[in-house]
Amino acid sequence: MQGWVTLGRQTPPATHRASTSALEAPMPKSGEVRRTALPPTFDGIRFEIGRMVFYVQEASKDPFMIEHTRKVCQEFDSMMDQAAQMNGGSLAGASPALLAVGAIDAWCRAHFCYVNDPPNIEVIQTPTRMVKQTRVPATVIRDVIQPFYQAMETVAEPSQVQAYEPPGICYGDCDEGGILFMSQCACAPADLKPLRFRFGGHEDTLHHVWDRVKAGDDWIDSDLTEEGYDLGDYSEFPHYEEVEVPL
Amino acid sequence: MRAVEGSPDTARMAEAIVQARKDPLLIDFARLIAVHYGKMVEHFSGIEDRPVSAHNNKTLFLEGIDMWCRARFSPRAAARTTENPRDIVEYAMGPVYEALALEAPETYRGGSRAEPPAYEGNPDDATALMLGLCATLDISPIRIRLGVREGQAVRAWGKVYADGKWYDTDINDPTLALGEAQEFEGYEELEVPLEMEEEEAA
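Listed in order, the protein sequences are those of chains A and B. Just so we're aligned, residue 1 is where the first sequence starts under the working numbering, counting upward by one. Just so we're aligned, residue 1 is where the second sequence starts under the working numbering, counting upward by one.
Quick caveat, the hints were computed from the structure, so don't treat them as lab data. This one's a predicted model, so the numbers in the text were calculated from it and none came from an experiment. Don't take every hint at face value.
[Said to hold, decoys possible] Beta-carbon label-pair distances, calculated as ranges:
#1 E189/B - V155/A: 29 to 35 Å
#2 L247/A - A79/B: 51 to 57 Å
#3 D87/B - K193/A: 44 to 50 Å
#4 E189/B - K193/A: 50 to 56 Å
#5 D191/A - D49/B: 44 to 50 Å
#6 Q19/B - N87/A: 54 to 60 Å
#7 A114/B - A94/A: 51 to 57 Å
#8 A78/B - K193/A: 52 to 58 Å
[Stated by the list, open to error] Among chain B residues calculated to face chain A with C-beta under 8 Å, some are:
#9 G46
#10 W68
#11 E150
#12 V154
#13 Y161
Where a beta carbon is used, it is the ideal one built from N, C-alpha and C, also for glycine.
With the rest of the complex left out, here is chain B:
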C-alpha cells in the first residue's frame, strides 16, 4: 500500500473515473446508497422539523457517497484484504443482486457470508472510485486536486461540483469532512474528461 502522500498518478486516476461511470455495478451501487442516504436525511430532518428534500439533491448524494467511502476504505484489521476498491463495493452489493435474481426478492433470506475484505490498496484508487461513483450520478464536473510541496505534487483528492457549489472530498484523511482539504504550499487541479469518447459513439 502506497503512503497517502507521494506522487499521484493523475492520468491513471482520471481514466479510472471515466471508466467507473460506465460500470453497471458502480452505477447500481451509487444510485442505491445516494438515494437511500437522501431518504434517511429526509426522514430525520423531518423529525427535527427542518425538512430537507432528497429529490435529485446532488449535494446530499455527494455527502452520502463521501461518507460511505470514508467508512469502508479506511484501514482496519481484517482476515481478508483487497487492493481493488471495486471489491469492497462488490461485496456490499452481493446480497442485493442475489435477491434481485429471485422471482420474489422479498423472500430472500441470505446466508452466512465471508467477512468483508478490508481495503489495503492505493489510496488514490479509492479516491478515484469515490469520484467515479459521483460520475455515475452526473455529479460533475469532477476534478482531481493536487497538494504541492517544494514543487512536487504530494497528495491527491477530489473536488466535485454539486448543485452550484464546489466541494473538496478527501476520503483518506479521517480528520476531514466533506468540503475540507489539507493545506499545502500550492495546488493544482485537473478536470476529469467525462465527455463522449470516440469509440463509444461508433
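One chain only, chain A, in its complex shape:
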C-alpha cells in the first residue's frame, strides 16, 4: 500500500442547481434517496429550497426524529450539568433553547461528514435516513471496508488496526447538512423558532446553504460543512438570502 496522501485541500462548495422535473415527487421512503438532475437556474434553486423545507416539515412530525432529538438533547444536558457541577456551578439558569442548539450542533458535527454531490446531480437524503446511517452497526461497515483494514496493517500496528471501530457517521453536501441540523431543531424539546435556511452567493447565483435558528433572543448560525467552524460561524458572501421553514 502506498502511504496516505497529505496534499488534500478543501474545494469550494459546488454551485447548487435544481430541477422542476421532480416537483411533484413524493417524499422518499425510508432508505430511499432523491437524486435529481438540475438546471443551473434560479427556478432550479427555488425547487431545491422547496425540497429542503418539505423534508424539515416532515421530520418535525416523525416520531423517529423526535425521539432521536430528545435523546441528543437529554444526553448533552446531562454532560453539561456534570461539567458545571465539577466547576461548582449548575445549569439551573441556562437557557433550554441555547442548550438544545448546542446539543444538536455538537451531535451533527460529530456525525456528519461533508462530501460533494456528483457533477450536475443534486442528491438529497431525508434526515431520518442520515440519522439511521449513523446507527448501522460497526460490524456491517467493517465488512464493507475490509480492504482498508488489510492495507492499513502495512503501515500501522496490526493489533491497533484490528481494534479500530468505524465511527457512526453520515454523509452529504451542504444542503443535506443543513437539513440534518434544521430537522433536529424542528424536533427539539425546547422552542427553537423561527428556523431559517441561509443562502450565500453572488447576485446571480447562490453557492452555499447553512442554518440560522432563533434560540431565546439570539439568532445563531450553524454551518456543518466547513472544517474548523463552531456553532455561530459562517462564511462571508457578497449576497445572502434567507428562507424561513413554516412549522
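Based on these hints, arrange chain B on the given structure of chain A.
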C-alpha cells in the same frame, strides 16, 4: 473475460462513467468507503503524530476508492462469479441497506450470506466503475488514458484530478499503486463529459 490489453472501447467506458454518477447505489457506496477511509487515515495518522484531515479530502477519497476496487476486482478463485462490476458493490452494500430498512438499524444482526462473487468481467468495465465512483464524489475531471503500441491503443486506465493534482489509476495492474502507470510508446487521453445532459434538464 477479455485480456487486460486489447482495443479499449472508450465510448462504452465513458458512457458507463457518466451513468455511474447517477446511480444511487454507487453514490451511497462511494460516500461510505471514501469517508470511512478518510476517517481511518485521520485516526492512524493522528496516532503517528502526523495528522491528516479527511474533510472533503478528495485525494484521500480517491485513494480509498482505488484501494477498494484494486482489492475487490482482482482475480480470485470463487464458487460464484460475475461479469458485472456493479454486482460486487451491490453484494458489499447488501447488509447496509438491510440495516437501514429497520426502524432501529443498530439492532441489525445480519445472517448467513452467500459467498461474495468474484469479478470475471472485462477489466475496462471495472476501470469504468472505479472512475464512476470518483464521479459520484465530484472527483473530477476524469480522463480515460490509453497506452499505445505500434499505433494501436492496447490498454486503458484512468486519470483523475484531485485537489490540484492528476493521478493515474490502473486497478488492473497489481504491481502499480495510485499515481503510477505502465510505460507505452505513446499515450492518448479522452476526457469524460460529466456536464449536463439535455434530457436531464427537461
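Do the hints match the structure? See the list:
{"no.": "1", "hint": "E189/B - V155/A: 29 to 35 Å", "result": "32 Å, holds"}
{"no.": "2", "hint": "L247/A - A79/B: 51 to 57 Å", "result": "55 Å, holds"}
{"no.": "3", "hint": "D87/B - K193/A: 44 to 50 Å", "result": "48 Å, holds"}
{"no.": "4", "hint": "E189/B - K193/A: 50 to 56 Å", "result": "54 Å, holds"}
{"no.": "5", "hint": "D191/A - D49/B: 44 to 50 Å", "result": "45 Å, holds"}
{"no.": "6", "hint": "Q19/B - N87/A: 54 to 60 Å", "result": "57 Å, holds"}
{"no.": "7", "hint": "A114/B - A94/A: 51 to 57 Å", "result": "54 Å, holds"}
{"no.": "8", "hint": "A78/B - K193/A: 52 to 58 Å", "result": "56 Å, holds"}
{"no.": "9", "hint": "G46", "result": "11 Å, violated"}
{"no.": "10", "hint": "W68", "result": "5 Å, holds"}
{"no.": "11", "hint": "E150", "result": "32 Å, violated"}
{"no.": "12", "hint": "V154", "result": "26 Å, violated"}
{"no.": "13", "hint": "Y161", "result": "11 Å, violated"}
Of the hints listed earlier, those the structure fails to meet are numbers 9, 11, 12 and 13, in rising order.
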